[in-house]
Structures are given as C-alpha cells and as structure tokens.
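Peer 1: Counting from 34, one number per residue, gives the positions in the sequence shown under my numbering.
Not one of these hints is a red herring.
Label pairs and their in silico Cβ distance ranges:
id: 1; residue 1: 128; residue 2: 70; range: 35 to 45 Å
id: 2; residue 1: 120; residue 2: 61; range: 48 to 58 Å
id: 3; residue 1: 69; residue 2: 132; range: 27 to 37 Å
id: 4; residue 1: 114; residue 2: 76; range: 26 to 36 Å
id: 5; residue 1: 116; residue 2: 58; range: 51 to 61 Å
Derived SDA-like pairs (lysine to any residue); straight-line CA-CA distance at most 20 Å:
id: 6; residue 1: 137; residue 2: 83
id: 7; residue 1: 137; residue 2: 99
id: 8; residue 1: 144; residue 2: 82
id: 9; residue 1: 137; residue 2: 90
id: 10; residue 1: 137; residue 2: 98
id: 11; residue 1: 137; residue 2: 88
id: 12; residue 1: 68; residue 2: 79
id: 13; residue 1: 144; residue 2: 76
id: 14; residue 1: 137; residue 2: 107
id: 15; residue 1: 137; residue 2: 86
id: 16; residue 1: 68; residue 2: 53
Everything labelled a hint here was simulated from the structure, so no lab data went into it.
Ideal Cβ positions, reconstructed from N, Cα and C, are used throughout, including at glycine.
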Amino acid sequence: MSATPHDAPSAAELVEAVREWLERDVLTSTDGRLKFHTRVAVNVLAMVERELSIGGQHVADHVARLASLGVESDAELAAAIRAESVAVELDVLRAALLDSVVDKLQVANPKYLES
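Just need the whole structure built from these sequences, with the hints factored in.
Peer 2: See below:
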C-alpha cells in the first residue's frame, strides 16, 4: 500500500458511501421529482467512482494515444482532422478515436459497451 496524505476514508470510499445511502435509503423512500433527482445523483456518484478508479490510467493512455497521432491535445487533433493533416493512416486514427470513446463510456456508462 502506498503512503497517502489523507486518513481513511478515501475520497472513493466517501463517494461510495453516499451513493449507497442514496440507493438504499433515499431512493426507496421517495417518489416523483425527488426520486428522479436521487437517481440522477446516484448515477453521477457512480461515474465519479469509476473515474476515481480508472481515470488515472485513462489519462496516461490518452496522452500516449495523442502522442502516437503526432499531437499534444484534443484541440490540436481536431484541428488536424479538420485540415486533413493527421500524420497517421486513417485506420490508425479510427482505432485511436474508438479507444478514446471506449474509455469515456467506461466512466460515463459502461452498460453502453455491452451491446
């Protein structure tokens, strides 16, 4: 285990605890608009949990992916695509963009990757 500057519980554990409380106690005892907003909050907290868990690896992968395409940022990549001056073959670009979308869906809603 690595040293951390903060005591337990971690940010991930706190987010998980709040999400679970909302799911178990609040969502089951509300209706209408409050139930809807609770469900939204549960989904948002689940996204935060996933980003805390895998976001660091996604950042490293994204930086490496951009470098392999010969750019340093998404904006630079978008500009190169618009100018049709991407420094790699189209299949390589497509694969990199697909990998980026998969990473985003792993955080936003992994269920979309099931089908």
